[in-house]
Each structure stands twice: as C-alpha cells, then as structure tokens.
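Protein chains in written order, with numbering that gives the first Met the number 0: chain C, 0 to 289; chain U, 0 to 410; chain G, 0 to 237; chain V, 0 to 239; chain W, 0 to 366.
Treat the hints as calculated values from the structure; they're not laboratory data.
There are no misleading hints in this set.
Think about it this way: if two alpha-carbon atoms lie no more than 25 Å apart in a straight line, the pair counts; the simulated DMTMM-like pairs of lysine to aspartate or glutamate are:
hint, chain 1, residue 1, chain 2, residue 2
1, G, K183, G, D117
2, U, K258, U, E376
3, V, K46, W, D248
4, V, K16, G, D176
5, W, K360, V, D126
6, V, K203, G, D229
7, V, K58, W, D248
8, U, K327, W, D55
9, G, K158, C, D182
10, V, K203, V, E225
11, V, K117, V, E169
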Amino acid sequence: MEYIHFAFTAFYQFGDAFAFLVLSAMGLAVIFGMMGIINLAHGEFIMCGAYVTVATARMGVPLPIAMLCGSLAAGMLGIVLERTIIHRLYHRPLDSIVATWGISLILTQGTLIVLGSSMAGISTPLGSFSVGNYSYSTYRMVLLGVAVLVLIGLYLLFHHTTFGIHSRATIQAPHMAKAVGIDTGRMYSLTFGLGAALAGLAGALYAPTISIVPTLGANFLVESFVTVVVGGADVFLGTAPAAATLAVIKAFLTGWQGQLMGQVGLLITVMVVIRILPQGLSGWLLKGRT
Amino acid sequence: MKYSTIQRTATLSTLLAGSLVTSASANDPIQIGVLEDQSGNFAAVTQVKVNAIELAAEEINAAGGIAGREVELVIYDTQSDDRRYQELMRRVLQRDQVDTVFAGFASSSREAYRPIVNQFDGLAFYNNQYEGGVCDANMIVTGAVPEQQFSTLIPWMMEEYGPNVYTIAADYNFGQISAEWVRQIVEEEGGEIVGEDFIPLGVSQFSQTIQNIQGEAPDFVVTLLVGSNQASYYEQAASANLGLPMASSVNVGQGYEHKRFAPPSLANMFVTTNFIEEVDTPEANAFVEKFYERFPDAPYVNQEAANSYISMYLYKQMVERADGSTDKEDLRAVIAEGDVCFDGPSGTVCLDPKSQHMSHNIFLAKVDENHEISFPETWENIEPYWLGENGCDLTQNDPSAQYTPSSPPNE
Amino acid sequence: MTTNNTKLLSVEGVTSGYGTTSVLQEVSLNVGRGEIVAVIGRNGVGKTTLMKTLIGLLKHRQGAIRFDGQDISALESHQRARLGIGYIPQGREVFSRMTVWENLKVGEMLQQPGEGVDYERVYEFFPILRERANQRAGTFSGGQQQQLAIGRAMVGKPKLMLLDEPSEGIQPNIVKDISRNILKLNRELGVTILFVEQNLDMIMTAQRCYVMDKGQITRELAAEQLCDRDAMRRILAV
Amino acid sequence: MTLLQTENLYKHFDGVKVAQDVNFSMEPGEIRCLIGPNGAGKSTFFKLVLGEHQPSAGKIYFSDQEITQLRSFERVKQGIAVKFQVPGIFSELPVWQNMQIAVQNHLHGDSMTAAIDKALAFVRLTDKAGELAGELSHGEQQWLEIGMAVSTEPSLLLLDEPTAGMTPDETARTGEMIKALNREGMSILAVEHDMEFVRQIAHKVTVLNFGEIFAEGTINEIEANEEVARIYLGTADDDE
Amino acid sequence: MGSLQRQGSNTARSASRMPHWMRLVNGPQTLGHGPIFWVGFALAIGAAVVYPAFADAWSVGNTAYFLCWVFMALGLSLIWGYTGALSFGQTAFFGLAGYTYGVVTINFGAAYGMTLVGLLIGVGISCLGAALLGYMLFYGRISGVFLGIVTLSTTLVFATFMAQTAGSQWAIGDARLGGDNGMTGMPPLTIPWVGGDIALYSGVPLYYLLLAMLVLCYLGLRVLVNSRFGNVLVAIRENPHRAEMLGYDIRRYQLIAFVIGSGLAGLSGVLYTAWGQYISPSNMNLAAAALPIIWVAVGGRKDLTATLVGTLVVLGIFQNLTIYGSYYAFVIMGLLLVVVVVYLPEGLIPGLVRLVSRLRKRKEGLS
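My request is simple: use the sequences and hints to build the entire structure.
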C-alpha cells in the first residue's frame, strides 16, 4: 500500500508540474517556437485570459464557458496586436523583445488603471480526493487532463486540419507557401492569435487557483520560456517532451531540496540543454528520424 | 484649507538650494514626502497607504495644520522598484527638501533608500509590518514586528491546537527571519517544528508544499507568505482539502486575502495584526467610516493604512511638542521623553525611544468559512522589546544597521 | 506556331531583379493554352528570376504580366496562385518537415471552387506518393521530391504550371520519368506548361522554346530545331 | 609537391552521399575549373576544402600538410582564400573598409594602405572606395570580393561561380583578372558553368557528378568527351 | 547635422592624412566625425563641466546617477550593436561586480584607496565571470536568440540564488549578502587625499569623476571600435562567414568583446553600488535585465554616441514620467518603446539624424 501511495504522490506531483509547464508554454511554443517572435507580452495574454474568465464567471456564466471566453478574448487581443505591431517585426526578432516589452507594460498598467490593483477571485471547483493519508485537489488532476487534451488537440489541429497544415507550411517556407496560394499574412495573424488564445487558456484554467492581479502573467513567463527553449521549434515533439523532462526535474528537485532548487534546477537545465542541443529537444528528435 | 499635492516642475534652482538649510518660516507649509508603490507588484497593498496619508493630511489641515503650518504632501509613485526609491528619496530630501518622508513597502525598498536617508541625515517613517531589527536613528518604524505578533500568536495557537508546527515562509529576509522567530518561540513553549518550507518570491504553485505539510501532519501551519503570487497558496491548499488551522503575521492584515479569494480558502486562519477594517472598536469604526467616505473605491483598509494614518498624527504631535521644529534631533529629543503616544484607530500606541519602533495593541483575527472575521483575543500594549533588550539604544548611539535574531546588535 | 490561338500567359517587356540590379531586361514571351514551352539558357542568365517574377515572389519594375486575359501584375503571389498557376521551384522546396500527405494537402489551396480534389489522379501519376504518404518529405530523394512538388501543384488543378529546372540534381533516368509525366499532364489533363531548363532531355519535351541569355530572350526555337542536338549544344555552350 | 590534394574524401548528409571517394589533386600555379551539373557536389567539395564541413572520411592536404582537422580560419591563414557564389561582402560597410578588414590581418600602417589601394586598383574599384559595398552593382560586388580574397595573399584561391550574373564584358574582365593573378603565381580553383569562360582561363578541368570525379583533363579533352556531354546535358538516346 | 553621419566616401580615404590619434577616434564605425562634430563634442563636455554651477544639487547628483548606468549600456552596444551577439544577462555582471565591491570594502574598509581597489576587483571579477560564461557560449557556437536565453537564465539563477541569502551564514567575512534586502553598509567611493580621504557621495565631486570616466571610456571605446579589432567585430556582425574566411577566429573576437562589455557592466555595478551604498538581487531580475537592452535598442545600438545619448535620454524620460506621469508612466513608456521599435528601427538617435539630414537635403533641393 505504501508504495502505491508513494507512486501516486510522485505521479500527482509530476502531473501537476507537467500541466503547469505545458499549459503555460503552449502559447509561447506557437509564437516563439514556431514564429520566432520573442514575446515578452506572453504573460499579459495569460493575464487577459484570467481576468476575462474571472469577470465572466462572477457574472454568473458557467465556469467552462467563462474559460472559453477568456481564451477567446486573449486570442482576439493577439490578432489585433499582430495586425498592428507584431507583423512589422518578423524579420527582426531581436527588436520584438523591446516592442513586446512595451506592450507588456501597457497591458499590465492599463489593467491596473482600468480595473484596479486586484480583483476578487473565484473558487477552485471540484473539491478534493484522498489517497492514503494525503488529500489532493481534484481540479489539478483535471488540469493535467486538460493539458494532455490540449496537446492532442494541437497535434490534431496542426497535423490534420487545413489551418494547421497551412500554418506549418507558412512558417516553414513562407515564399513557397505564398506560391501555392496561401495568404501568408493571414496565416501569421491567425497563428499568432492561436498562440495568444492558448496563453489565454492557461490564464483561464489557472485563474481559480491564483491571485488575480495585473502582474499575474509574470509568474508564468520564465517557466514557459524555459519549456519552449528546451523543447525547440516543434510544438508537439518539442513542448511535450520538454515539459515532461522538466516536470520530472522540477518535481524531483522541489520534493528533495525545496522550491528554491526546483527553480534554480529549471534554469540550469536550460543552459545545459542549449549547450548540448542547440536546436532543443525537437531538433534532436527530428534529426534522429531522418 | 486643502492640502496640495506637489509634483514639482523643475524650479529655477539657485545655488542656495544645494545646501540643506531648512530655514522655514513659521508660515511655510510642512512638507511630507510620500514614496509608495502605486504601480507594479505591490500596488494592490500600498495604494491605501497613500490614501490614509492624504486623509490624515486633510484632517490635520482642516484642524489648523501642524503647529499652525499647513501640511503639504509630495507624492511619488515608486512603481515597486527599489531603484525608484533611491532616485526619489534623493529627490524629496535634496530638491523638495521635505521635512520628513513616509516611504516604502518591501524591505528591500527600505534597505535601498535607508543609506540615502542617512547620507542626508533625513527622517523617514516606515509604516509597514516587517521582519524587525532596524536600529537607525533616521528611521521611525510604526509597523508591527515579529516579537509583537509571534509572542502573542504562537503560544495561543499552540494552546488551542497543539504543539506541532509547520512553517512555510517566503524565501527571503522577511520570511526567513520571521520563521526564525516562530522556531524560537515554539521551542521556548515546548512545542516542535515538524517542518519548514521556504518559497522563493514569485512562486505560485504549491502542490509539493501542500503534500509536504500533509506528510508531517502538524497541528497547525504558520504561513508567512508574501506577495500576490504566494497568496495563491491558500486557494490551492483549500482545494486539496488540507484543512489545517493556519496562523500568520502578514496575510489578511496586509493583503486582505480573505476578500480577494473566494471562501472558504482562508477558513480557520488566525492572524495577529494591529489593525484591520473589521476591528470592532469605536475608534476603528470611526476611522474606517471616514476612510471609505473619502475613498469609496478603496479595496480594503489594512494595517498599513492605519499605521500610515497614525504616523501622521505622531509626527504632528512630535513637531508641536518640539515647538514647531522639524529638526530631526529636536524630534528625537521628544521621542526620548518616552511618551509620544497616540490614541487612534488601533487604540493607544506609543513610540519606544530605544528602537524608535511603536508599541501596538495586537488583535487576533480569526477567518471563518464565510471569510467573516472574529476576534477571539486581544493583547494590549505589546512593546517592540527585542531590539532594546539586545543592545540597540538610539538614545545612546546610532548603528544605522539591521539586526536579525541570529546576529543581534550586542554581539 | 502556337497550337492554340488564345494566349494563356503573356509577358510584355518585364524588367525585374534584386536590389538595384536588374536581372531580367524587358523580357517578352507568350504561352498559348495547352502548350508546353521551355525557356533555356545557361546558369545565371535569369531563368529562375523569370519564374519568381511570374509567380510574384519578385515584384517586377516594368512591363505587364497577363494571365488568362487578366493583368496580374499587381497581385500577390497567393492571389496569382489561386487564379490557377502552379509553381514548382528550383530545388523543389517541398515542406521538408511535413509528411508527403500534408504537402499534397497544402496544394489543395489552389483548387478552383466547386471542384473536388482528385487524389487518385495524382497517385496514378506518382504511385510513390500514396505508398509513402506518411513519410517526412525531407527524407525523400531529389527525384521523389520533384514528383511530390509536381503532385502538390497538380492537386490544385492549375491551368498553368511553372517548373524551374525540374531536372536539377536528378539522375538521368528519373529525368526521363519527369519529362514523360510532364507530357502526360499536358495531354491528359490539358495543363499548360512553362519550364526553364538546361538539360537536353527535358528541353525536348517542349513544343517550342525561348533562348535566354544575360536576362534577355535572344531567340525563339520551333519544335524541329529542338531536335538538332548539335545546335542545341552550341546554344547551351558546351 | 602538390598544392591541394584530397585522399578518399567522403561526405554524407543524413544518408545522402554528396562526396564519394574524391581523390583530387592540383599543382601549384595551376588554374583548375570544376564543372558538373547542379547538385553534383561542387559546393560541398569547396566546403570540405574550406573546413566548413568535416568529411565523413578521408584526408585533405594543402602544400603537403594535412589540414583535415584545421578550422576554417586556420586554413585561411595557411594560404587558402575563397570567393563565395553569393557575394560575401560586408554590405553595410564602405568598400575601403571591406578591403581593410581583409588586409589588416597581415599588414599594418602604410603598407596596409598601399596594399588596399593596390587591390582596389586591381579590381577597378578605386573610384568607389567610399561607397557602401551593398550599393555596388552585382559585378562590382563580385570583384570586391575577389579583391578581398586576393588581398590576403593566398597561394590558392577558390572561386565559386565568379561570373554568375555578370555581363559578357564583366565576365571577360574577370577572366583577365584571374589570369593576371595566376601570372603572379597564384593557383586558382574555380567552379564555373560558363564554358566560354572556362575555355578562357582553365589549364585543366575536373568534372564532378553525383559526388564523384567523373572526368579530368584539358578543356579540349573534356569537350570531346561524349560521357561528359551526356551527364551534363542529359541525352535523348540512352534508353533503358 | 551632417557631421553626425557615418564617415562617407571622402573621409574614409582622407583618413590617412589625419594625425594618428584623430584617425583612431574618427573611424568609420562611429557616427560623428570632422570638426563640426568635435567642436560639438567639446561644447557638450564644456556644458557638462559647467553644469553643476547652474543646476541644483539634486540635479547634479541625479545626473551622476544616470552616468553610472551608461557604462553598462556602452558595453552592451559593443557586444550587441558592434559584434551582433545579444546578451540579455549584462545585469549578472553588474550584480557580480556590485556585490564584489561590497565584500571587498566592507571587509577591508575605505582607507588607503581601498574603495578604488574594490572597484578594480569588482570589474575584474565580472570580467572573469564573463570570460567563463562567454567561453561556454561562443566556443559552443551558441548564437542569436539562444545566446539571449542562456545569458538571461544566468542572471535569473544568480538573482534567485542571491534572494535567499538572508541568513547570517551567508556572509563573506564581515559582509553579509543580505538576501532580497540586499547588501548595505559599503562605503562610497573615496579618493585618498592629504588630510583625509574625499568621500564621493552623490554630489559634485562624484559627478566630475563619473564624467571624466565616461569621457575616457567613450573615447577609449571609439578607439577600440575604429581599430583593427573593431573592424573585425563589425565584420563579424555583418557577415561572420566571410569574416572567418578572411582568417579571423571569430569566437575569440566575440569572447573578447563580451568580456570588455561585461567589464563595463561590472563598472556600472560598482558605481551604482558605491553611489547608493546598496546592491540587491532586484538589480538582476527580469525587469532589470531588460532595461539595458531597451536603452541600447532605443538609442541606436550600432553606434556608441547614439547609445550614450539614447541611454541618457531614456533614463531621463522614464524618470520624468515616473515623477510627473503618475499612473500613466508605464503606459507611456510602453507606447514610446513600441513606437520607436516600429518606426525607428535603427534607434532614436540614428533615426533622428537621418530625418534631419533628409529634411536638410529637401531644403537644399528647394533652394
């Protein structure tokens, strides 16, 4: 019995870390991993998703629908920003750091001015369950499930829908994609919007579990960049294994040496991975296949 | 008469301005610099401090000012950025030549500006509950310190719930030093620390921590979490059905978590604080009412708001007792008399001449399942004794340092 | 000389190039409906530039390009493609990190409204594309990639296919396959074909051909002249 | 002594063979042209010689010293220089400075200035010394790069399609430049498609096909070779 | 304004007729050349020298504070603008040097010019740290965005680590690291003098010292980037492949530039620490790490003068927004950044120079 409990505990901790890394990194994996835009406003898309979710949920909208609203709102925001600003920066990714930093400042402070310094949150749904002497939050297992579903969904989206295939074609070889008739400008907008919507979804899903303040996005930023950099360019082959690897490292180090080592361990892993595998895990996995 | 907020344009400054002569005539306003974080990470907690200072200034001006002089506030937004404290502290002291400064939320901000206050030999009020230990003649601290909050809270909790304590604390000065206090008191009282977890600032995910706590099965948990990220712990612990009583010196009283999180995530939380808006005394109710009348959109009146408000009146009293002088040494001479007290929102409080910290009435606030607050216990007039007992005596000398239990001043 | 009097593509005095240099100098040519036309010339004479200009990846500075009666000079590449121009670039440029099937799927974009996609037809031409549908395109050999690139264009049922050096880097026997397939495409599906080339095998597929040198069309050759290998060799300067 | 020699050189990319058992050698003072269909491995061969690719197997010798393990810049210091196909110049810098960067590695002060002036005169860019390199015409950019390569005083100069995109007049001038360099003792190895140009400059021609040396000889021998004509042009009369 | 344009055709060739030292500071890698620029430069220095006589003490001290940061910006301009390698982690070296200065001066005091020794050791340690990290990066062939990510990770690890060193066990000699509250108690810079050291608090003497250091550093960097070495750096930025094929070991040059630039970040760190007698991990977090990039990008990273002026302008604008902009400060800052990046991709200063010269040309055309 003890072993089963221990195994479940390990699984739960791993799953929790995995879900957090996957969900917070997905949007960035699309925007940074695929499109090469270093999006420092990633956290603000997450914040947007969380705010809209909480606001709509408090208006009485059922939580899942509120979350959808949050995600869509972030996606919309993403498309607007892409059309107005980001599309000018595709050929100079390093400048995108400064521009998205500016956007991040505007969104954070704008939220503070308009909506105040904090917002009352909503309860985590679904209660808890027990295994042995330990009790666990059911919702966090749901998050794991959602993370896996989002991964599968994205895989299907990018590999089995016209949008996904066109988007990948656009990002792999924009000239050729244009020449076969794809409106690449529109694909860039939509792909960026998808990345923003995924970030918004992360915010929406975590909204019940965190403080709702304008700066909440910053919590997610470092972890998501770490995951994407370790993962490399491919959303599915990169982000998922990277999140799994990092979740193991993080859960292990946090459990063994505390939260500080969990944090430091993640960052050191990035440095080691870049040194050994400059293309990230997906670059390495893909190379093994050809 | 209305106070005015000065946000000065560059005056054609004279060479005279370079010197620090404050040859104010009796009719010049008394200027008070206010450096607080109205943007950035800490804005949620500190905006009300500015409001409280504004409220006090209006009241004082309406009642004829300080020693007959109008109060003028010079307010800057420090953006939760320590460097802004450095820049703006110099500005208020050197250019605006304020008489005193009310400044700072984070301990790091205080430490960043303290050398500058020392350089210019200014006088600053730090109106925050903090980890304690600042022994500096240029600082007056009105927030509660660990000995005031923990020497009351921990024994009460141990008696009520049992001797096994688990501490989770922010992994920086405040958390580490507070945890040290908790450990010391628990051991003195014959209890046991069954576990300690330190959480880096900015961490918002607590599954592992929650599990560690369950593994040790303590009688209650001391939560010394800081910032909006770490406050996420409560919701996550509740959703994992941790169900343990909690004790804190910092949450609720400062960040009004019971208002920001949906019930029942903070159920069974016990907090020692010198003020929160739920305190049900005539003075407190009057203050809260005035506050919301003036600032109807304020999210919450927390302990820092009360401390800031009290500080204004303490300052008024000190200046008036020093015959209208705002000179730091004159004011300290008044403090040295040992009876600078004020009967305000949180009851009667006094400044301790040795440490220039403030005595407090400590309320034990209990959060119930509906996030309603009750007060099972109140301790009156708890002194900030630790610095004085350990050799900090600002009436004798000024080390301008911050001490911790593991490195006290008399070592 | 044209087998059909209606011109599908007409290029009039087009000048284009990179940066400040003009690679194409006032190029004019016509392609009739159902024709196979080649543009031949040595490396570096501007053949690829011509192709890129026609599909719109390079904007021309002067002149006009008409396709199917419409002036397409101002259109973006993807708009030109959707009018029915299939483009098979030099080096194939298949989407190498995507599977064969996905590559074909991208080609659907070109498809005219209301028409179904006839994959069977594509597979009939290139059976390997069915057999290896789930293989990554980047792992294909040059010849296989060329088949995929043509297949990708076929999916969209274009009226005109532009092929940029289809024989480049491909084994001689495969070159023959490709030239056969081009003929078959033209005969069975009625696709008009314009390609640029320096390989004699491929050139002989054409019904008519323009000779290009230093960014200009210098001669036009009829089918019978194409059969004269020695003459062709002189033109290609080996 | 041989100037450049490769021994059983192999290179694979992801299973694709781009160089197969290449045994190449050339003598000091030679002008050698490398021809072959597109994709025959000419550029790969250059990259192997320059050290931008490491061979899968085999050895490379320069002036009878093995250089297989040397890094690119070390090979350059041994006396190899290159002009890339796409002009490899510093387009945002003035012409004079482009040249300076090339020369300053081995010359200083007045002798550097003199060397730059000489090189500029040689590639006929003296009048354009102050212009940004990116604003030169295509042919001039090619010459600038040749000038940069030459001014490192190499004993072997590699040229990757030096006349691509040049007018006939520019092409002829380039041929004269190369011959002048050769008269001063520089050896040249060029990848080239323009057979007229090859005829103008080459002492000897090597034909590559599918990563292998297919034929080697004088220009006349090569032109007379039916096999070469077949692979280069493809042919209608070899039925399977 | 024409004097601010990059050295063009005639000047490049006439360069050889200039005295040697003029050639060094006047080369093609820097905006600004010829008598008009240098007269302007002299006037600017003159103005800076007499400035304290006309400004109030706070303004002088505040300007001195701004000057502290400029060295880090110039260093990043060298690494990013001239060599083309984006370092997102200059604050790691800033912090390393600041803490080192603290440790040295707290342990050995300020007498006998010890603070200057502390300054040198601080800068030296940051150079050493940069050499180690840079070796791993450049000899590992890491470039582009990944370089930014690794350097950022470095500074974040350092900041996270330093934040939890509050306990008394975290001390080097008498110097407590101080955790998130930071390290305090170090003396300001002092200059040994007959009859007692001169302590340089943020006043006029410090201002003059920093001004002198900045002028030296600026001219020194001009010499460096216009030298053979600088030629190679620019060559690496423009076309690393070509540079290597001209016989340069580009990794070595990148590493040296990185070490020099990081040493300057370290210098800024020491100066800032001595100025405020305080250094803390918040000087190395994400927000702090992004600042130098913003200064340099907004000013114009490919030029030292643009970086210098741009950094001072951005520092000034941001501070004034903080003072006068209340809530809206961050929003306006954000808008400024976006506008500059989108509409002036080369940076504020080169963008303005170009604009003015275009207007002038139009005027000339009209007349």
